[in-house]
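Chemist: Chain A is already provided as a structure; the job is to place chain B on it using the hints.
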Amino acid sequence: MAAIYSLYIINKSGGLIFYKDYGSKGRMDTNDSLRVASLWHSMHAISQQLSPINGCSGIELLEADTFDLHCFQSLTGTKFFVVCETGTQHMEALLKVIYELYTDYVLKNPFYEMEMPIRCELFDINLTQVVQKDRVALLGR
Amino acid sequence: MPPAAPRSGDAIFASVERVNAELFTLTYGAIVRQLLTDLEEVEEVNKQLDQMGYNIGIRLIDEFLAKSNVSRCVDFKETAEMIAKVGFKMFLGVTASVMNWDADGTCCSIVLEDNPLVDFVELPDTCQGLYYCNILSGVIRGALEMVAMKTEVTWIRDMLRGDDAYELQVKLLKQVPEEYPYKDDE
Numbered sequence: 001m002a003a004i005y006s007l008y009i010i011n012k013s014g015g016l017i018f019y020k021d022y023g024s025k026g027r028m029d030t031n032d033s034l035r036v037a038s039l040w041h042s043m044h045a046i047s048q049q050l051s052p053i054n055g056c057s058g059i060e061l062l063e064a065d066t067f068d069l070h071c072f073q074s075l076t077g078t079k080f081f082v083v084c085e086t087g088t089q090h091m092e093a094l095l096k097v098i099y100e101l102y103t104d105y106v107l108k109n110p111f112y113e114m115e116m117p118i119r120c121e122l123f124d125i126n127l128t129q130v131v132q133k134d135r136v137a138l139l140g141r
Numbered sequence: 142m143p144p145a146a147p148r149s150g151d152a153i154f155a156s157v158e159r160v161n162a163e164l165f166t167l168t169y170g171a172i173v174r175q176l177l178t179d180l181e182e183v184e185e186v187n188k189q190l191d192q193m194g195y196n197i198g199i200r201l202i203d204e205f206l207a208k209s210n211v212s213r214c215v216d217f218k219e220t221a222e223m224i225a226k227v228g229f230k231m232f233l234g235v236t237a238s239v240m241n242w243d244a245d246g247t248c249c250s251i252v253l254e255d256n257p258l259v260d261f262v263e264l265p266d267t268c269q270g271l272y273y274c275n276i277l278s279g280v281i282r283g284a285l286e287m288v289a290m291k292t293e294v295t296w297i298r299d300m301l302r303g304d305d306a307y308e309l310q311v312k313l314l315k316q317v318p319e320e321y322p323y324k325d326d327e
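So the protein lines, in turn, are chains A and B.
With this note's numbering as the guide, the letters of the first sequence map in order to residues 1 to 141.
With this note's numbering as the guide, the letters of the second sequence map in order to residues 142 to 327.
Extracted from the complex, chain A is given alone in its bound form (with noise of 0.2 Å):
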């Protein structure tokens, strides 16, 4: 029983640069996974300029009836959004922590080439935990 479907990192230009999934449901290939992307990316572009308030920062919640997207874009334009059950608590924490892990153990990699897929194994192996962590505390309440 997983809350998190799937897990997606765009880069400023809304090139797919991670994505992971968590369930048997929703599984998409690469070429899937980069045409959502990109269609995410634009669709959070063009929320900006339907805000008939300036300065709107793009949107952050997207609730459907069979699942829930958080979205939460770094001031340097870097997206990370979360593919979850419907309801799933706490999305946009868990988006902080894993902005944190990016900027440790991608960021700081200096193999890592900025905007490129990220391919770091640390990277990998610490997002597992946090999610790991997150379900059990779901499964916990």
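FYI, nobody ran anything at the bench for these hints, they're computed from the structure.
Bear in mind the structure is a predicted one, so any value in this text is a computation, not a measurement.
So the derived label-pair ranges between C-beta atoms look like this:
{"hint": "1", "chain 1": "B", "residue 1": "GLN316", "chain 2": "A", "residue 2": "PRO117", "range": "27 to 33 Å"}
{"hint": "2", "chain 1": "A", "residue 1": "GLN49", "chain 2": "B", "residue 2": "ARG298", "range": "42 to 48 Å"}
{"hint": "3", "chain 1": "B", "residue 1": "ARG302", "chain 2": "A", "residue 2": "ASN54", "range": "43 to 49 Å"}
Computed footprint of chain B on chain A, listed as stretches where at least three residues anywhere in the stretch have a Cβ under 8 Å from a Cβ of chain B:
{"hint": "4", "stretch": "66-79"}
{"hint": "5", "stretch": "103-110"}
Note that the Cβ used here is the ideal one computed from N, Cα and C, for glycine as well.
Modeler: Relative to chain A, chain B alone:
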């Protein structure tokens, strides 16, 4: 859920893992010496230090944003205060102050009271013209570029050259927000 409040430089500095200051000073000194040996020309070394700083800055900014929980700064004045009060404190453990604002608020000086990079350092006569701490100007330039600001960062005063303090001038050239090009007619 209300967003977390921004953290002070002191609080963050206290919470991160720290390294021996002398190791840091020695490592930086070794880098500068090696660059001087490899590149020979002082101007080249200045450029290289700036470039290295730039490469650090573009990565450091996300670390800064993640740890400090700041929200978007309303103007360049706030940005400069953030760099001096939170940034320098968080990464170098030193307090800096902002002064000498120009009329339109796009240019200011950041003055460092203390500078761990230069402990025990004296510049020889052969290295006049070297900006020993030029990595710092690159770091600021790189970090600000990733948050949509093109800046020019130069040294005004440098204690290794005989001045009484370390003063960096940070000039905002332009704001370059990431515009979604949906208005393009192409």
